[in-house]
Amino acid sequence: MFSAVAQDDSIAVKKLLKNGLSMHCKDKLGNTLLHKAFYYKSKKVIHLLLSISHGTCNLNAKNNYGLTPLEIAVSTTEHFEFLKELLEQLQAGPQPAYPQNKWNLFCTIQ
1 MFSAVAQDDS
11 IAVKKLLKNG
21 LSMHCKDKLG
31 NTLLHKAFYY
41 KSKKVIHLLL
51 SISHGTCNLN
61 AKNNYGLTPL
71 EIAVSTTEHF
81 EFLKELLEQL
91 QAGPQPAYPQ
101 NKWNLFCTIQ
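My numbering numbers the first residue of the sequence shown as 1 and each following residue consecutively.
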């Protein structure tokens, strides 16, 4: 999953999410998919995550360095349009993108 984010492969990410992989999985450094998408400047994946999350992306999640996806976003001007979307998502509040069920997969930490 994280390699698909790094390669900005939004089609693979969308397929994995539709098959039940959690949007909230983290790597060994505590980075979520949104952290990684901003780190790798994966614009298609950022757009996908924001559009399908409907407020379920934890924009306040901190990685092991104490950084949120929003803090990674403001660290570079390349993501200005997505920063605006992030702020809108923060105001929208949580709205589940996919129903929670017992078949949701767990993310394997690599």
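Read the hints as simulated data drawn from the structure, not as lab findings.
Be careful, since some hints might not be right.
What the hints assert, rightly or not - Straight-line Cα separation of at most 27 Å, DSS-like style, residue types lysine-lysine; simulated pairs:
#1 LYS84 / LYS26
#2 LYS14 / LYS41
#3 LYS62 / LYS28
#4 LYS41 / LYS26
#5 LYS84 / LYS44
#6 LYS62 / LYS15
#7 LYS41 / LYS62
#8 LYS28 / LYS18
#9 LYS28 / LYS43
#10 LYS44 / LYS14
#11 LYS62 / LYS14
#12 LYS62 / LYS43
#13 LYS15 / LYS28
#14 LYS43 / LYS14
#15 LYS44 / LYS26
#16 LYS18 / LYS43
#17 LYS26 / LYS14
#18 LYS15 / LYS43
#19 LYS28 / LYS41
#20 LYS15 / LYS41
#21 LYS62 / LYS26
#22 LYS18 / LYS41
#23 LYS43 / LYS84
#24 LYS15 / LYS84
#25 LYS62 / LYS84
#26 LYS18 / LYS62
#27 LYS44 / LYS62
What the hints assert, rightly or not - Label-pair restraints from in silico Cβ distances:
#28 ASN64 / ALA6: 16 to 24 Å
#29 LYS43 / GLU71: 12 to 20 Å
#30 GLY20 / SER75: 28 to 36 Å
#31 LEU83 / ILE52: 29 to 37 Å
#32 GLU71 / ASN19: 27 to 35 Å
#33 PHE80 / ASN19: 28 to 36 Å
#34 GLN91 / SER3: 29 to 37 Å
#35 LYS44 / SER75: 14 to 22 Å
#36 LEU83 / ASN19: 26 to 34 Å
#37 LYS28 / GLN91: 27 to 35 Å
#38 TYR65 / LYS18: 13 to 21 Å
For every residue, glycine included, the Cβ atom is placed at its ideal position computed from N, Cα and C.
Provide an ascending list of the numbers of those earlier hints which the structure does not satisfy.
Violated hints (numbers, rising): 31 and 38; every other hint is consistent with the structure.
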